[in-house]
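> In order, the protein sequences belong to chains A and B. Counted the way my numbering counts, the first sequence spans residues 1 to 277. Counted the way my numbering counts, the second sequence spans residues 278 to 587.
By construction, these hints were calculated from the structure, which means they are not laboratory data. If a hint is listed, it holds; no wrong ones were tucked in.
Covered by chain B, per the in silico footprint, the following chain A stretches (three or more residues, Cβ under 8 angstroms):
#1 15-21
#2 81-92
#3 108-115
#4 122-130
#5 247-261
Stretch-level coverage of chain B by chain A, calculated; a stretch enters the list once three of its residues show a Cβ under 8 angstroms from a Cβ in chain A:
#6 322-329
#7 541-552
Glycine included, C-beta positions come from ideal geometry on N, C-alpha and C.
These are the residues of each chain, in order.
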Amino acid sequence: MRTRPAARAAQYVAVVCYLIFLGFPLLWLISSSLKSPQEFASITPSFLPKNVDFSNYTDALEEQGLVRGLMNSLQISVASTILVLVVSLPVSYALARFRSRLRPITNGWILVSQVFPVILIVIPLFMILRPLHLTNTIPGVVIVYMVWSMPFALWMLQGYVAAVPRELEEAASVDGASRLRTIVSIVMPLLRPGLIATAMFTFISAWNEFFFALVLLQDPELKTLPLVLARFVGAEGQVQFGPLAAASVLATVPSLVFFAFLQRRLTSGLLSGAVKG
Amino acid sequence: MTTQVAAAPERAAGKPPNRGRPKQNREAIILFLPALLPVLLLSVYPLVRGIALGFTDARAGLNVDTNFIGFGNFGKLLQNDLFWDSFRIGIIWTLSVTILQFVAALGLALLLNTDIKFRGVARTLALIPWAMPPVVVAIMWRLLLHPTNGPVNEILQNLNLTSQPINFLGDFSTALPAVIVVGIWVGMPMTTVTLLAGLQGIDRSLYEAAAVDGASAWSQFWNITLPQLRTVIVAITSLDMIWNFNSFGLVYVLTAGGPGGKTMLPMLFAYNEAFRYGNFGMAAAMGDVMVVIIIVFLAFYLRNRLRSQA
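Given the sequences, and given the hints that come with them, work out the whole structure.
Now the structure itself:
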């Protein structure tokens, strides 16, 4: 099909408009993070900083709480990602391979967990975790994130498991390998891309999460990066835009890097769960 | 709830499908075990307890008596004007964000599905909002919409569209529309990627046949693209609707529900009720109402959509 030049030009104009809408905000944030305080004070903001100034980054990193928030977020995200994978892999294997009655139940749970507003879950969670002395602790948040990101991990992983040819496993079992052995030495190596993609998604969702952390963590020592950033904004009066922008850029880097890796898998991963699950 | 409904018929029907494979069933259960305890304790139980909590007068605090009070909370909610306002705002927010997001995303997906140059780059850039933490998105848009330092006001003034800088997030009339724009921005990538995947799944030969018959681009879009995309559209708009109705972090950091409650989404309202005023029972009752609204709305939407497909 040939597209007329006028239509073609209109397409390019439209794409450019979309990209400005979607990309400009982040560029502005990055540019703001590189502006000096004097430049912020000027009445007419310019798109590019007049002098590139990294003092906002050093200021942000010196800011008490930010580095700690970064470390807390890192710990929580890594720990919950590992837990989610360890727990979800066997389940998604069973979901993809066995016609057990646990399958409709699990898929029902995945759906329900998406529909329910978190406010309904967070209050009882709070009431369960408090007597166990797990509110206001890192392990408490880790296990909540684990359960909370499992539906999506299961959704993705069972699609990847279903794509592993059954014949390979049958061959292994003919050779006398146990089920566990088959999973570990046949299925897992083939699942590596799927596991990596799922791990990145889980990491990002934990890294970005705000609501559970807000409710469960009160101790300033334990606050995650999103909480620390949100508190900067909430602080009335003199909000330091430069360091705030710099801290925001830093908080975005891990997610952006992972996303760049994931980019190609995004559609296939999302849809494979839907089609084969 | 859906879980039980889905499981019930099988249980009633007895064992037949699994009778021949008790070993498989045992294996399945072993594979499920590590996940079972955390999911039951931290997801299934809280859900059930959360629903039930709406029928009690539970309050924050360690040694507070909790009594079952039936529909007491719901009776109070009916008379609470702030609560109704919040729901009205929640529905305006959900519908506008979902619909506008869909229209914008469909446009972008159609463009990315053509053979224009740089679409790989465009596709990657279009994903940026998805990767950003909601809190950062909120901070970023506060900078963009800032009345004195923000570029949006600067541009509007340069174009002579406004003489006075607009305090988008602080003004009664502009706060909700401004928040909706940010909501569209955040959700566009996911919707675009899903629609694009749907578009790429459409059989090319349909278009070729239509082109031979002399169908215009518009009529191809209307008669091939949209009908072929229907399932994907229904799926993604339903999910968007649920997510938008339940969204919290973005608006919490953007406006905290202000000014004067103009952007007080139901989740923010319930959060304040629970953790600012300590009324757990009342907040859970609001959550119950939200669930009912979502389910009724989805049932209605899905029934109509799927029926018109047949």
